[in-house]
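*Asks:* Protein chains in written order, with the numbering used here: chain X, 1 to 611; chain A, 612 to 979.
Since the hints were made in silico from the structure, they are not lab data.
Just to be clear, a hint being listed does not mean it is correct.
Below, a list of computed lysine-lysine pairs in the DSS-like style, where the Cα atoms sit at most 30 Å apart [to be verified]:
| no. | chain 1 | residue 1 | chain 2 | residue 2 |
| --- | --- | --- | --- | --- |
| 1 | A | K863 | X | K343 |
| 2 | X | K148 | X | K171 |
| 3 | X | K186 | A | K838 |
| 4 | A | K874 | A | K960 |
| 5 | X | K148 | X | K186 |
| 6 | X | K40 | X | K471 |
| 7 | X | K343 | A | K838 |
| 8 | X | K40 | X | K497 |
| 9 | X | K280 | X | K229 |
| 10 | A | K960 | X | K343 |
| 11 | A | K934 | A | K863 |
| 12 | X | K186 | X | K229 |
| 13 | X | K37 | X | K171 |
| 14 | A | K838 | X | K229 |
| 15 | X | K40 | X | K444 |
| 16 | X | K343 | A | K874 |
| 17 | A | K838 | X | K554 |
| 18 | X | K343 | A | K892 |
| 19 | X | K519 | X | K554 |
| 20 | X | K40 | X | K229 |
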Amino acid sequence: MDPYSKRKKELPERPPESTRPSPFPDEVLELVLGLLKSNKDRSSVSLVCKDWYNAESWSRTHVFIGNCYSVSPEIVARRFPKIRSVTLKGKPRFSDFNLVPRNWGADIQSWLVVFASKYPFLEELRLKRMTVTDESLEFLALNFPNFKALSLLSCDGFSTDGLAAIATHCKNLTELDIQENGIDDKSGNWLGCLPENFSSLEVLNFANLNSDVNFDALERLVSRCKSLKVLKVNKNISLEQLQRLLVCTPQLTELGTGSISQELTERQYTELENTFKHCKNLDTLSGLWEVMTPYLPVLYPACTNLTFLNLSYAALQGLELANLLRHCPQLRRLWVLDTVEDKGLEAVGSNCPLLEELRVFPADPFDEEIVHGVTEAGFVAVSYGCRRLHYVLYFCRQMTNAAVATIVQNCPNFTHFRLCIMNPGQPDYMTNEPMDEAFGAVVKTCSKLQRLSVSGLLTDLTFEYVGRYAKNLETLSVAFAGTSDWGMQCVLGGCTKLRKLEIRDCPFGNAALLSGLEKYESMRSLWMSSCNVTMNGCRLLAREMPRLNVEVMKEEGSDDSQADKVYVYRSVAGPRRDAPPSVLTLSVFTEGTSPKCRRWGCNPYFCDMDG
Amino acid sequence: MSPPLLGVVEEEGQSNVTLLASSTSAESICQNSSKLKERNYMGLSDCSSVDSSVVPAASDERKTRLNLKATELRLGLPGSQSPERNSELCLLSSTQLDEKPFFPLHPSNDGHCSSAQKNVVLRNKRGFSDAMDGFLEGKFLSNSEVNVMLSPKPAPNMGLKPGSALEKFGPQAAKVKDIVASKAPQERPYGTNDTRTNHNTSANNNSSAPATKAQVVGWPPIRSFRKNSLATTSKNTEEVDGKAGSGALFVKVSMDGAPYLRKVDLRNYSAYQELSSALEKMFGCFTIGQYGSHGALGREMLSESKLKDLLHGSEYVLTYEDKDGDWMLVGDVPWEMFIDTCKRLRIMKSSDAIGLAPRAVEKCKNQN
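In isolation and in its complexed conformation, chain X is listed as follows (with noise of 0.2 Å):
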């Protein structure tokens, strides 16, 4: 049967020719609309008529799922019936700093119980946040038989057994990335359980695990595979070992090092260098887990045209990463351990005009005693150097309002602003006021600013400010800030574009929740933390907005009243079955009946999906 027709009889009747809108036949229009890849144009697409809207749906192979409450997996299955490749993200980000519950949700389970059946030819999975037990590992490794691509980042649940049933049972598997994850780590020996003549392998990342893998496993799938663009070994591998891996992968095209603390000889140095002087390919360097720097140099013919270089495992002194980086003229992407200091970064300033993300990471986040790091002078040194700053997370201890004056001056368009001062509430340590007309700044010079992070003392005016200029901030983070209700409603209020908002240790209460009842739906969602919010404040929201869930955990011990974490986001599938006791989920809302979300339009189910 002609498949076009079966679905002609499937969708809903069609005005006569003359009324319609389109005239290009369906597979004209799923031809073209296949070819949009942006998921936000794709939104769109599907907005414009109700053929375009099944155009698009069967056109798309790709799904981005921002919040796995917001929609079901059988309402994704039955819109988009040829998702070749899912992303998904589970956990509010502030889990990633143990402020969630470690068994709140987010399984993966679930979901893959419904693709083996919907979409037995899946792809591709990325999971960010989300618990993946073993078993599901398993179960993805068995049930679906064209899988190729595995990404797992800030995930748990999961250890090398779960890696090694991947390992046996995919057949077609060319990327394993396993990032950051919360993962019991049993031993290295999952490597060895991809078959002999494997060769398939394009991206194999494993920096994240602690065992040692099996090493000739290891060199022996990486001589098979011709196409491995990416690889990121773990610090057990050994400079020798590392050097073994790279005589087969001239190809390479991102690089993880294993540590660079091993003695070697002058011929083991040599053959190290003349090795790396082959990785003209690469665009990306990280590893370099406890680093010896005098072996630096070894690294610097490979750098010629390195764009990503990720030192934040290495712990370089201001001076070897200036040497470093005169190797690396064509950089675009810096991430680094405050140990490098200010002067680090006047050569960062100095070293890498095309810069475009700076990430400075502290070394010793904790110790009080210490002051290492990095200083308002550094990044300033940066902003004068790097005009194309545009992406920034910056740890440090100290900052002024000026130097965030000038900095944003210097660096118009920032669309990532994330500055933490370590010391909750601190103030500019010259003048000892707030840090309110430094974010003033940033939010009224940086009109593109679509991310920011505050920090330091703040008052309310910081968020009028906010509220007032941010006008295309999607995700704000605050912590240990502001005065009163007022500060966080001047941003519900002016923010238009929010779509995440994250709180926490501040002293906003019922008033402040309360203002953005309308604005929650148009958001993924909302976190409030140590916040001055009741029960009875997240019950009226929820008695409110029925489309929301409002959940709110309770910690040991805290008074009966008070909600002492919220998370509210959007959902078509209704209050979630499978929170734990400890997340209490306010909802009046009816199961069985299905939405008609006024404000998009003919099309409930996507915002939450893409956004």
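Could you slot chain A onto chain X? The hints should help.
*Replies:* Leaving out everything else, chain A in the frame of chain X:
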């Protein structure tokens, strides 16, 4: 320069206990002062609960208990006795130490310590580091509190084997103890994950596990994976110290009147002059701070020359603590010998250093 709020914490030693207990409501207040009150770098509120849990199984109970006290002592004043020496004392005169307060409120080098006392009062913000130096108990607590403090505290959460770390003498041990001591308050009212992390990392040989900001869960916002990796990284940095020809040799540098300490890598320098100019650059701003604020740019320029003047005009002297725990004037011994023996540096007011020179000379005589 520093938020006065932090000064509040130091003086409310008593109240810390109750504040920690009512963690959640305190959290929800969200005022900086109450936030800061909860931070208890001394572990003051915790020690009572910990007493019973740290009964060492070692044969020589008294010795081990005293050694734990020596751990406490590592938070000693700059100039007060070092842990090695203290454990020696412990072994020799245990009865003595049982009886009197361990932190010498009237230390041998009177002039030296009293000025340090004054400095603590001035340094609102980094009074903590002084607190860490053990000084705080003397200043702000009654004697009874001091005795409570003496009960071994940091050990349980660190998984320390009582006495084991302390048996090792030398710079490495000093740093280890430093870390141990500075990580003292491990108790967290909630945030079990963090505690677990601490246990894991601390099991790795007294590595620098996340600690002092125990009361603020999930802050600074860094992923667990990174926290754990960094703990291992800095542990390795510490271990590498002292190895000839490889790695860095970090020592702490404190300056009287400065709100916080710095660390320098002695291997970056090959002569005293280099070290001295590096320190001038590093600490120049603090000297200027005492003389009033200047513009952000002009600051550095002025301060360097000013500090040079100050240093050369012997307003400040550079001293160091050596392996034996004695404080010496920098410059007496050849550079190589210096970096071998230097454990930490201190820029003192020359008025406080009066007692040092003769001792240093004597010591050299004894050594040579």
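*Asks:* Indicate, hint by hint, whether the structure satisfies it.
*Replies:* How the hints compare with the structure:
A threshold of 30 Å between alpha carbons decides the hint, and for K863 of chain A with K343 of chain X the separation of about 19 Å falls inside it, so the pair holds. In summary, the hint linking K148 of chain X to K171 of chain X is supported, as the alpha carbons are separated by about 8 Å, within the 30 Å threshold. Between K186 of chain X and K838 of chain A, the direct Cα distance comes to roughly 20 Å. Compliance with the 30 Å bound is thereby established for this hinted pair. Under the criterion of a C-alpha separation no larger than 30 Å, the hint pairing K874 of chain A with K960 of chain A is consistent with the structure, at around 19 Å.
Distance check on the hinted pair: K148 of chain X and K186 of chain X sit about 24 Å apart at the alpha-carbon level, within 30 Å; holds. For the suggested pair K40 of chain X and K471 of chain X, the alpha carbons sit about 18 Å apart, so the restraint of at most 30 Å is met. Between K343 of chain X and K838 of chain A the alpha-carbon distance is near 24 Å, which keeps this suggested pair within the 30 Å criterion. Simply put, K40 of chain X and K497 of chain X have alpha-carbon atoms about 14 Å apart, close enough for the 30 Å limit, and the pair holds.
About 13 Å separates the Cα atoms of K280 of chain X and K229 of chain X, which keeps this hinted pair within 30 Å; it holds. Straight-line distance between C-alpha atoms of K960 of chain A and K343 of chain X comes to about 28 Å, which keeps the hinted pair within the 30 Å bound. Restraint check for K934 of chain A and K863 of chain A: satisfied, since their Cα atoms lie roughly 14 Å apart, inside the 30 Å limit. Between K186 of chain X and K229 of chain X, the direct Cα distance comes to roughly 27 Å. Compliance with the 30 Å bound is thereby established for this hinted pair.
Under the criterion of a C-alpha separation no larger than 30 Å, the hint pairing K37 of chain X with K171 of chain X is consistent with the structure, at around 27 Å. Only pairs whose Cα atoms come within 30 Å are accepted, and K838 of chain A paired with K229 of chain X is accepted, the gap being roughly 29 Å. A hinted pair counts as satisfied when its Cα atoms are at most 30 Å apart, and K40 of chain X with K444 of chain X qualifies at roughly 26 Å. Between K343 of chain X and K874 of chain A the CA atoms are separated by roughly 14 Å; this keeps the pair inside 30 Å, and the hint holds.
With a C-alpha separation of about 26 Å, the suggested pair K838 of chain A and K554 of chain X falls inside the 30 Å cut-off, and the hint holds. As the CA atoms of K343 of chain X and K892 of chain A are separated by approximately 12 Å, the hinted pair is consistent with the 30 Å bound. Only pairs whose Cα atoms come within 30 Å are accepted, and K519 of chain X paired with K554 of chain X is accepted, the gap being roughly 25 Å. A hinted pair counts as satisfied when its Cα atoms are at most 30 Å apart, and K40 of chain X with K229 of chain X qualifies at roughly 29 Å.
Violated hints are absent here; each numbered hint is respected by the structure.
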